[in-house]
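Trainee: Chains D and F, in that order, are what the protein sequence lines are.
Counted from 1, the first sequence has number 113 at position 114 by numbering that gives the first Met the number 0; the numbering is strictly sequential.
Counted from 1, the second sequence has number 63 at position 64 by numbering that gives the first Met the number 0; the numbering is strictly sequential.
By construction, these hints were calculated from the structure, which means they are not laboratory data.
Be aware that one or more of the hints could be misleading.
For chains that are exact copies, the list does not tell them apart, and a pair is met inside one copy or across any two.
[Said to hold, decoys possible] Using 25 angstroms as the maximum straight-line C-alpha spacing, the simulated SDA-like pairs for lysine to any residue come out as follows:
| id | residue 1 | residue 2 |
| --- | --- | --- |
| 1 | Lys72 | Ile197 |
| 2 | Lys93 | Val144 |
| 3 | Lys177 | Asp88 |
| 4 | Lys93 | Pro247 |
There are 2 protein chains.
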Amino acid sequence: MMTDNATDRAGEDISPARYFIYLSYDGSAYHGWQIQPNGISVQQRLNEALTTLLRTPTGVTGAGRTDAGVHAKMMVAHFDAVLGSMTCDTLADKLNRLLPGDIAIDSIVPVRADAHARFDATSRTYHYYITRRKSPFAARYRWRVHTPLDMARMNEAARLLTRYTDFTSFSRLHTDTKTNNCRITLAEWRQTGDGDMIFVIRADRFLRNMVRAIVGTLYEVGRGRMDIDGFTRVIEGRDRCLAGSSAPGNALFLSEITYPQSIFIQ
Amino acid sequence: MMTDNATDRAGEDISPARYFIYLSYDGSAYHGWQIQPNGISVQQRLNEALTTLLRTPTGVTGAGRTDAGVHAKMMVAHFDAVLGSMTCDTLADKLNRLLPGDIAIDSIVPVRADAHARFDATSRTYHYYITRRKSPFAARYRWRVHTPLDMARMNEAARLLTRYTDFTSFSRLHTDTKTNNCRITLAEWRQTGDGDMIFVIRADRFLRNMVRAIVGTLYEVGRGRMDIDGFTRVIEGRDRCLAGSSAPGNALFLSEITYPQSIFIQ
Numbered sequence: 000m001m002t003d004n005a006t007d008r009a010g011e012d013i014s015p016a017r018y019f020i021y022l023s024y025d026g027s028a029y030h031g032w033q034i035q036p037n038g039i040s041v042q043q044r045l046n047e048a049l050t051t052l053l054r055t056p057t058g059v060t061g062a063g064r065t066d067a068g069v070h071a072k073m074m075v076a077h078f079d080a081v082l083g084s085m086t087c088d089t090l091a092d093k094l095n096r097l098l099p100g101d102i103a104i105d106s107i108v109p110v111r112a113d114a115h116a117r118f119d120a121t122s123r124t125y126h127y128y129i130t131r132r133k134s135p136f137a138a139r140y141r142w143r144v145h146t147p148l149d150m151a152r153m154n155e156a157a158r159l160l161t162r163y164t165d166f167t168s169f170s171r172l173h174t175d176t177k178t179n180n181c182r183i184t185l186a187e188w189r190q191t192g193d194g195d196m197i198f199v200i201r202a203d204r205f206l207r208n209m210v211r212a213i214v215g216t217l218y219e220v221g222r223g224r225m226d227i228d229g230f231t232r233v234i235e236g237r238d239r240c241l242a243g244s245s246a247p248g249n250a251l252f253l254s255e256i257t258y259p260q261s262i263f264i265q
Numbered sequence: 000m001m002t003d004n005a006t007d008r009a010g011e012d013i014s015p016a017r018y019f020i021y022l023s024y025d026g027s028a029y030h031g032w033q034i035q036p037n038g039i040s041v042q043q044r045l046n047e048a049l050t051t052l053l054r055t056p057t058g059v060t061g062a063g064r065t066d067a068g069v070h071a072k073m074m075v076a077h078f079d080a081v082l083g084s085m086t087c088d089t090l091a092d093k094l095n096r097l098l099p100g101d102i103a104i105d106s107i108v109p110v111r112a113d114a115h116a117r118f119d120a121t122s123r124t125y126h127y128y129i130t131r132r133k134s135p136f137a138a139r140y141r142w143r144v145h146t147p148l149d150m151a152r153m154n155e156a157a158r159l160l161t162r163y164t165d166f167t168s169f170s171r172l173h174t175d176t177k178t179n180n181c182r183i184t185l186a187e188w189r190q191t192g193d194g195d196m197i198f199v200i201r202a203d204r205f206l207r208n209m210v211r212a213i214v215g216t217l218y219e220v221g222r223g224r225m226d227i228d229g230f231t232r233v234i235e236g237r238d239r240c241l242a243g244s245s246a247p248g249n250a251l252f253l254s255e256i257t258y259p260q261s262i263f264i265q
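Build the full structure now, drawing on both the sequences and the hints.
Mentor: Below, the structure written as C-alpha cells:
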C-alpha cells in the first residue's frame, strides 16, 4: 500500500515528524532556558540529550525563554525527529535517565508538522512566591521579605494590569521586540496553604523581565511606599525607571502554557 | 528585696539561665549536626552565632546528632546564657539574621537549670521520603527509586519493629554506645498528597544510621527481594551484615522531639 510517508527497507517510517516536549526544571544551576555562548542553559542540555539518543543533531524550539535562575513547572518546546519504532513514552524515559536530576521530561506528544511551541501558544502563566518566614526548605524557591505586605492593596493594584496593553514600563530598556503590547487576563495574589503569598499572572505573551518588574513594583505598593495612583502612573508612564526594582528570579516559576487543541494529533 | 539571683548594678539579672532552642535546617551543606574537626557542622554555626551575639563563648548541647546531609524539621539544643534585658524572641530574631538561610531558629524558651536536651527527650520522630517520579523540585529531599514498591508488605514488616528492642542489626558496626536497645512506638509507611511515600518512625532513642538501615531493608521487602520471614531473621540475627544497604541521607528528616512538660518554666 502506498502512503505519503517515506519508509525504509524494514518498513519503518523514516520521514521526520514534529513533537511537543513538556518538561519541568529547577533553574538554579542554569543561565536560563535559551542557549548562549557563556554558561549552561536548559535548552542546550535538552538538545545534547536528544542528539545523543536520536543519533542525529536535534534542536528544540522553546515556547519562550526563562531568565537565569528562574524555574519552570511546565515548559514546552517542539522538535522534529524520526522516532522509528521508539514510542514517545520510551523516548521520555530515556531522556529522563540521561538528563540531570534538575530537568524532568513530563511527556512527549505528536503535533501537526506546522505546530510551533512559541507562535501557537495562546497563554502563559507564571507563579511568584513571597514569604516572611525563614524556612530552610522553602528558601530556594521563595523571595523572603521582612516587611508586612498589604495583600488587599496589592490585589487592587494588580487588577489594574488587566486594563492596559502597553507594558513598556515593565520591560527591559533595550530589547529588539517590535511591540510591548500584552493582554493580561489574570493577575492575582493568593495565600498559600502554609501562609505564604503567591502571585498568579497570565497573559498571551510576556516581555523579558516583565513579571519580576511587576512583582517588584507591587511589593512597593504592599509595603506602603507606593499608592494605587502611583502604580497607575507607573503603567501609564511607559518608562522603566518609574517601576520598582525587579524581584529576585529564584522565586519565579513558569507554570503553564496553553495551545489550541487543533495542533495536536489524535 | 533579696533574691536568689545575682544582679548587676543596673539591677539586671546576671546569673546564667538555661534555654532550649528549637531550630530547623537543610543539612545538604553540612557534615551533620555534631561539631567535628573536618567540615562545617550545624552545631558549630549555632555556637558561633550565639557567641557573637552574647559576646561570650557559648555552646549548645543537641538532643542528638544527624549525619551528613540529613535534615531537621525540628532539632532541639540547650545552652546557658545571661540574656539580661534581651527577650528570647529578640535573640531568635538576631540569630536568624546572622545565621545562613539553611538554618532557621523557630523559638527559644526558658527551661529548668537541670533540663537536658538529650537526656530529657522522651521521643524522637524521623520522616523518610521515597518517590518514583522525577521531580526537579523534590529531588533534593526524596530518595528516587525505579522499582514499584509494595507498601502493604512494607507496613507488615515495619509493624514487626515495634515488637523488638535490640536493634544491633541496624546499628553501625563499631560504635561506643553501651546498649543497642530502643523502644520503637511507631513505624509506618504512608502515602503523601502528591503520590510519594513517607516513612514515619518514632522511638525513645535511635542508634547511629539506624533509620537509614531500616529504610534500606524495608525497601528490599517492598521490591520483593526479602519476605517477612527474612525481615524477622534480620532483626533477630543482631548482625548488621544481614540488613540491606543504608538509604541515602538526603531524604531523611529529624521531625519531632518531645520532652516532659515539667522541664519548662512557666
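Trainee: State for each hint whether it applies.
Mentor: Taking the hints in turn, this is what the structure says about them:
1. Lys72 - Ile197: Both: 14 angstroms inside a copy, 23 angstroms across copies.
2. Lys93 - Val144: between (41 angstroms within a copy, 16 angstroms between copies)
3. Lys177 - Asp88: neither (39 angstroms within a copy, 54 angstroms between copies)
4. Lys93 - Pro247: Classified as between: cross-chain Cα gap 24 angstroms, same-chain 34 angstroms, threshold 25 angstroms.
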